[in-house]
Structures are given as C-alpha cells and as structure tokens.
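Participant: Below, each chain spelled out in residue letters.
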Amino acid sequence: MAVRVLYFAALRDALPLAEEAVSLPAGVETMAALRAWLGARGEAWAPLVTWKTLRCARNQTLCAWDEPVRDGDEVAFFPPVTGG
Amino acid sequence: MAVRVLYFAALRDALPLAEEAVSLPAGVETMAALRAWLGARGEAWAPLVTWKTLRCARNQTLCAWDEPVRDGDEVAFFPPVTGG
Amino acid sequence: MWTVRVQVEDFDAGAEGERLQRVSPEVGAVVSFVGTVRGGEVRAMTLEHYPGMTEKSLEALVEEARRRWSLVAATVIHRVGRLMPGERIVFVGVASRHRSEAFAACEFLIDRLKTEAPFWKKEETNDSTRWVEAKEGDEARARRW
Amino acid sequence: MWTVRVQVEDFDAGAEGERLQRVSPEVGAVVSFVGTVRGGEVRAMTLEHYPGMTEKSLEALVEEARRRWSLVAATVIHRVGRLMPGERIVFVGVASRHRSEAFAACEFLIDRLKTEAPFWKKEETNDSTRWVEAKEGDEARARRW
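Residue numbers (this note's numbering), protein chains in the order written: chain V, 1 to 84; chain P, 85 to 168; chain G, 169 to 313; chain E, 314 to 458.
Any given hint might turn out to be false.
[Claimed, not checked] Each pair of labels, with its calculated beta carbon distance range:
1. E:G353 - V:T61: 31 to 41 Å
2. G:E304 - P:A124: 22 to 32 Å
3. E:G352 - P:P152: 48 to 58 Å
Hints in this document: simulated from the structure, not taken from any laboratory. Treat the numbers as computed from the prediction; the structure is a model and nothing was measured. We put the CB at the ideal spot given by N, CA and C, even for glycine.
Same shape as in the complex, but just chain V:
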C-alpha cells in the first residue's frame, strides 16, 4: 500500500523531510498505526511519536486516529492549527 505523507509547521521543522512517498507493510491500516510505523524509523522520526498534540488529515480532511488508510491516500500530520 502506497501513500503520500506530508508534515507541516513545527513538526516539519523537527523531521528530516516535509513530504515523502512510503510503501506500508501489511498491518499498518489506520492513521494511528501509520504514525507509529513512521515514527519508529529511528531517532530523527521520534517527534511523530513523542509529540502529544499532533493532528492528522486524510485526503485533505481532518480525521481521527482510527481512520483507515487506503492505497493512494494523501495523509498529513501537523501540530494543532493556529490560523485566524
């Protein structure tokens, strides 16, 4: 399963990349599992796991952590928004 992953704002600054294309192993089927898997790739990716207040979006819509992930999705992780 291939997904495109985007990181924004302070989270992006804390990670090695702003954007990546990843192939998910079997069993990574929700946003929570995706986050854990991405964050387990080494020290540089730890903020994905340790930051307590991250939000996520799937296909450009805010979603919950139990949201399923599908092949071809665009997913994003970011800190709470601060616009307006």
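Given the coordinates of chain V, work out where chains P, G and E should sit on it, guided by the hints.
Facilitator: Okay, now just chains P, G and E, sitting in the frame of chain V:
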C-alpha cells in the same frame, strides 16, 4: 410646575401637537400622573391613555412610569423604538 | 476612540472599519455590523429620531460596553431621514485585542440600540405608509445582556 | 454568494463588506470580522498553510454555516506568507436578512476556522522565531457550536 412635553412617531401623528409647554397642577408628580393628566384633556388626547405600549423619557433618558417629574424637565412620550 | 454619530448622509463602512483597525497597534480584531433597508414591498423608509436624546442614549450604550468588555475603540453611526432599499441605516464597529470581546460588544450595542435608542421607522409601500411595530424578539434579545 | 480565498495579497475589507451588502435586495444585515497582526514584541508573522486542504476546510465550514443558519452570502479570505504588525490576516463576512443569523454564522466561522483550518503562525521577535502554540480557549470556543 412647568415642563416641556414632546411626542414622537405614531403617537405624535395621533395627537394634536408634537410639542407643548404645560403647567402642572399640584399632585401631578410622576410620569404616570403626567401621562394621565395630559390624556384627560379631551378626546384628541385619548391615545396617551389608551395606547398600551407607550414609553417615556425624562430629560432625554428612558425612565420608568414612577419617575418623579420636576419643574423645568423635558419629558417625552413615544411608542417602542424601532431603529437599527 | 469612541465615536457616536447621527446623520442624514451615508457613511463609508469600509473607511470606518479601517479606522478602527488602525486606532492602536493593540487591535487584533474588528467586528462590524451594517444594517440596510431590505427590498421587497418597501419602497422607502423614513427614520425619525429624538435629537439630543439619540446621541445621549448611544453614548450611554458605548459607555456600558466599555465597562463590560475590554475594548480598544468603538463607533456607532445611525442615519435619519428618508432611505431607499439597499441603503445603509446603521454601522456598529468594535475593535479589541481579541475577537470574543469585539463580537460580544458589537452585538450588545446593536441589540440595545434597537430597544433603547429613540429612532422610529416609517415604511412606504405602493399602497400605504405605516409606522413599523417594535418586534417582540428584539426585546428578548436586548434582555439577554 | 459563497466565496473562499487563500492568498498572499492583502484584501479590501470595505469592498468585501459592500459586495456582501449588495449581493441581493434580501440582505438586511452584514456582520464582518477582520483579524490583524497585533503590535508589541512581534516584529513579523509568517503564515504557513496546507494548500488544497485549506480551501477544502474553509468551504466545508461555509457549507456547515449555510446548513445551520439562513444566510444570503458569506466570504472567507485568509492570507498566507509574511505579515507585519497592523496587517490584516483574515476576513469573515456574512450577509443575512436579519442580524442574529449573521452574527452567529460569522462568529462560528472564525471560531471553527481557528481550530480546523490548516494554517500555522510563526512569530518573529527581536530575539527569536517561534511557532505559535494553539490556545486552549480557542478549542473551548469552537466546541460551543
């Protein structure tokens, strides 16, 4: 006791005058008493008594019907306001 | 910072909002309300007022808003005379550091203006001319504050 | 009638308000909110966003406002990029027949924009540059709706 009395909007249209200077007899000492006294001067003044929803102001401030009236006051009677 | 005007002429709502925004570097939020004459059956509307008391009552409302919320500036402008459909009647603008105060004070000012400031509307339709009746809902809204 | 824009350029809040007012003879009330960069320690602010999702989330908020209130028109404009103190960040304007709907929908839109639309602010002071933290109060205000 001399007071200046103003009438506005639909009430003014229903009365013979828009404005008058009156000398009050002893005993007419509140806005309610003034209204009753003014309204008792004949058929043409009856709307002052029969209109149920009149409001009043004393010296250009909304007031209650038990507000005392003093010599030299400017008082006004009018329907509920409809600005804005 | 605190402006109240009663006038026959139109006002420039954009310029008034811009002025509120620029009145101090503290301003982070400007909320404004513009009330207009709705079209439809009404061909024209004449606004009568009680000169002197009008300004006094609007100033008292602005004073009360300043006591209740932390505001940086406020402007209330109300037109009088004959207005056509589409024309502006009233402007209420409030500037504050944060938005919640500006929203609350702006709505407070127009709600209370509607029940306390001595203005009366007379509507002209094709058939007739009639004084507008006060709305029950307006009284209820004003009492919330 | 229903406009959402994300842009680097400034906007003309007065012209946007005027357009909302003139969109239909039905309009009797226009409520608008302008948010600006407050002065003080902050020397500049950079607004980042998630292109694509930003427009989508603002459009979804406008859709929700239209379902909840009887509105005639609404405009949401949000700037991105580097802004200086005093500059406008966001415009939310709502036109309706009566004022209560316009006030509610305008405040709903900015409250929910603040917690759902993917914008992030980075502040520059003389000493440092830091990402702005989300405010607890904003979450609480958004949950009221």
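Participant: Which numbered hints turn out to be false for this structure?
Facilitator: When the structure is compared with the hints, none of them turns out to be violated.
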